[in-house]
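Chemist: Sequence:
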Amino acid sequence: MTRFDFYHLQKTPLEQVLPKLCEKAYSTGKRIKIIVGNEERVEFINSLLWTYNEESFLPHGSKKDGFIEEQPIFISSDEKNENNALLLILVDGAMPKIEILNTYERVLNIFDGNDEFSLNNARNYWKEIKSTNGELHYWQQKENGTFEQKV
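The numbering used here puts the first residue of the sequence shown at 46, with every later residue one more than the last.
Just so you know, these hints were derived from the structure itself, not from any lab. Treat each hint with caution, since some may be false.
Claimed, not checked - Label-pair distances were calculated between CB atoms; the ranges are:
(1) T148 with E99: 33 to 41 angstroms
(2) S176 with E114: 16 to 24 angstroms
(3) K142 with N98: 31 to 39 angstroms
(4) N159 with N83: 27 to 35 angstroms
(5) E127 with K65: 30 to 38 angstroms
(6) Q185 with N83: 21 to 29 angstroms
(7) K195 with N129: 17 to 25 angstroms
(8) K195 with T73: 33 to 41 angstroms
(9) K56 with G82: 37 to 45 angstroms
(10) N189 with E100: 20 to 28 angstroms
All values derive from a computational prediction rather than experimental measurement. Every residue gets a Cβ at the ideal spot worked out from N, C-alpha and C, and that includes glycine.
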C-alpha cells in the first residue's frame, strides 16, 4: 500500500525544503522521481538541486541530461516512471492520476499553504486520495521551518 505524505509549506519556500526532503529520501537508497507541475520548472528544479549547497551532492537529472533510466533522482513533468523510482515527490501543483501514485511505495506532495490556489488543490487531492482508502499523513510547517505531523 502506498503511503501519502502532504507537506504544507507556510514559512519556508519550496527551494529550501525540497533539497532537504530529497536528501532524506535519497538516504533510503531508493530511486526518486520528482514530478513538477509544468515543463518550464523542470530545469529550474534541476539547477536548484545542483546549487543549493556547495557541500552536498544529490545525483539527479532531467531528460536534458540523458541516462534517464540510471538517474537516482529524475525530474520531469511527465507521469511516466522512467527511472523505476519507488519514491515520488510532487511539487508545483503536480497531480498525477491516483493509479500512477499507487505504483510507488511513498508519495510526498509539497504544497504552498500561502497560495490559495495551491492550498485548495492540495485539499481536493487529499480528498480524492482519501476516497481510495490511501494511507495519508499531513505535515504542517512550524514557525522555525521544521515539520510537525498533525493527526
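Chemist: Range first: 33 to 41 angstroms. Now tell me if the beta carbons of T148 and E99 are that far apart.
Modeler: The hinted range 33 to 41 angstroms holds for T148 and E99, with Cβ atoms some 35 angstroms apart.
Chemist: Please check whether N159 and N83 have a Cβ separation lying inside 27 to 35 angstroms.
Modeler: Since N159 and N83 have Cβ atoms about 19 angstroms apart, the given range 27 to 35 angstroms is violated.
Chemist: Note whether the CB distance of K195 and N129 lies within 17 to 25 angstroms or breaks it.
Modeler: With Cβ atoms ~32 angstroms apart, the hint is violated.
Chemist: Between the beta carbons of S176 and E114, is the distance compatible with 16 to 24 angstroms?
Modeler: violated (33 angstroms)
Chemist: How does the Cβ-Cβ distance of K142 and N98 compare with 31 to 39 angstroms: does it lie in that range?
Modeler: The hinted range 31 to 39 angstroms holds for K142 and N98, with Cβ atoms some 34 angstroms apart.
Chemist: Go ahead and decide if the range 33 to 41 angstroms is satisfied by the Cβ distance of K195 to T73.
Modeler: About 23 angstroms separates the Cβ atoms of K195 and T73, which means 33 to 41 angstroms is violated.
Chemist: Is 20 to 28 angstroms respected by the C-beta to C-beta distance linking N189 and E100?
Modeler: For E100 against N189, whose Cβ atoms are near 22 angstroms apart, the range 20 to 28 angstroms holds.
Chemist: Do the beta carbons of E127 and K65 sit within 30 to 38 angstroms of each other?
Modeler: violated (24 angstroms)
Chemist: Holds or violated: the 37 to 45 angstroms window for the beta-carbon distance between K56 and G82?
Modeler: Violated, at about 21 angstroms.
Chemist: Given a hinted range of 21 to 29 angstroms, is it respected by the beta-carbon distance of Q185 and N83?
Modeler: With Cβ atoms ~26 angstroms apart, the hint holds.
Hints 2, 4, 5, 7, 8, 9 from the list above are not met by this structure, while the remaining hints are.
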